[in-house]
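J.: Sequence:
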Amino acid sequence: MKKILIVCLAIGSFVNPKPWAKDRYVDKNSTLCEKGEDVYISCAFNSSLDQDNYLGKVASICAKNNTSPDSGYVQYRFGKPSYGVGPARIELQYPEQKIPPKGIFTIYNSSNSESTGVALRFAPGEYLYSFESLNSFGYNVVARKQDKKVFNKNCDLPGLDYLTDDAYQGIQTVELGTTKISDAYKCSSIGLREAYSSMDVERVNACIVYTKTDLQANAKLTRKPDGISLYSVIPSESPKLVYEFPYLDTEGVITDAFFLPVDDGGEELLFVIHRMEIPREWDPASDIYDVSVFRLEADTLLLDKKLTRFFSFGWR
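Residue numbers (our numbering): 1 to 316.
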């Protein structure tokens, strides 16, 4: 029995090093994090694996006072650390300001019968950056442009070659369940769970996602259902919130969404059909449906209020 226990502990520490590695000493001089900041992960690109003599560039995620997605700050930095012999040289820093990470950084977790995965992602400009791990076989630093990998390097020492537990507390985490983490840019930069499959029109992605409502954020004893919102996403810009669908403090669902040409000029409008459950305190009735209509203008989706009023048919 003792031998079995020892073997199980050995296997557990090999497969999932994070809980055991939390107390690992990290030399800040080998990262781009400053004194007083937390190192969430810091990757050297060290093909020789001689960490004592590596003096090259690194990619670091640094944080301070980040106890929730709304507090402190988190920054990505790329460049050459000081290594204790001179000033650090930062080539890229995102975001430029030291602000809370909500809406900027997102951690995705996925687990299914084929694989488990984790990815810390953020999207400065037209690139999607990711510190990601598949099946606990170490981390990679990956950059994608228009869904194609343009950079993919192992996360090596010196530094911190795994994502710390503190990162999960301070950065918004999306649990994907059995759904695999997508390689696509599209809606992943929003950092929220999709309520309906994304759709493309020209170079714009229409992303319909579940969002936390103010009622839910302030609730302490009960968990309110998520609201649903539409974002407009193009690779060169940050996601734009287009519309928050009506919310009755009940479960909502998108039953259908589609683009439809409406005139001889070829203009396509986005029609979204949204169903809401009736609150219990209301008189007995079936669910409520509404139809929202959006048009593409200047690389973004906009609500067409006139057509939305015309097509909405309320009670069903």
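These are calculated hints, taken from the structure and not from any lab test.
These figures come from a predicted structure and were not determined experimentally.
Careful: at least some of the hints might be erroneous.
The calculated lysine-lysine pairs, modelled on DSSO-like cross-linking and capped at a C-alpha distance of 27 Å, are [stated by the list, open to error]: (1) 145 <-> 102; (2) 224 <-> 240; (3) 145 <-> 80; (4) 224 <-> 102; (5) 149 <-> 102; (6) 28 <-> 80; (7) 35 <-> 102; (8) 64 <-> 35; (9) 98 <-> 28; (10) 153 <-> 57; (11) 80 <-> 57.
J.: Taking the hints in turn, state whether each one holds.
T.: Checked hints:
no.: 1; hint: 145 <-> 102; in the structure: holds, 23 Å
no.: 2; hint: 224 <-> 240; in the structure: holds, 24 Å
no.: 3; hint: 145 <-> 80; in the structure: holds, 24 Å
no.: 4; hint: 224 <-> 102; in the structure: holds, 20 Å
no.: 5; hint: 149 <-> 102; in the structure: holds, 25 Å
no.: 6; hint: 28 <-> 80; in the structure: holds, 12 Å
no.: 7; hint: 35 <-> 102; in the structure: holds, 23 Å
no.: 8; hint: 64 <-> 35; in the structure: holds, 10 Å
no.: 9; hint: 98 <-> 28; in the structure: holds, 19 Å
no.: 10; hint: 153 <-> 57; in the structure: holds, 12 Å
no.: 11; hint: 80 <-> 57; in the structure: holds, 4 Å
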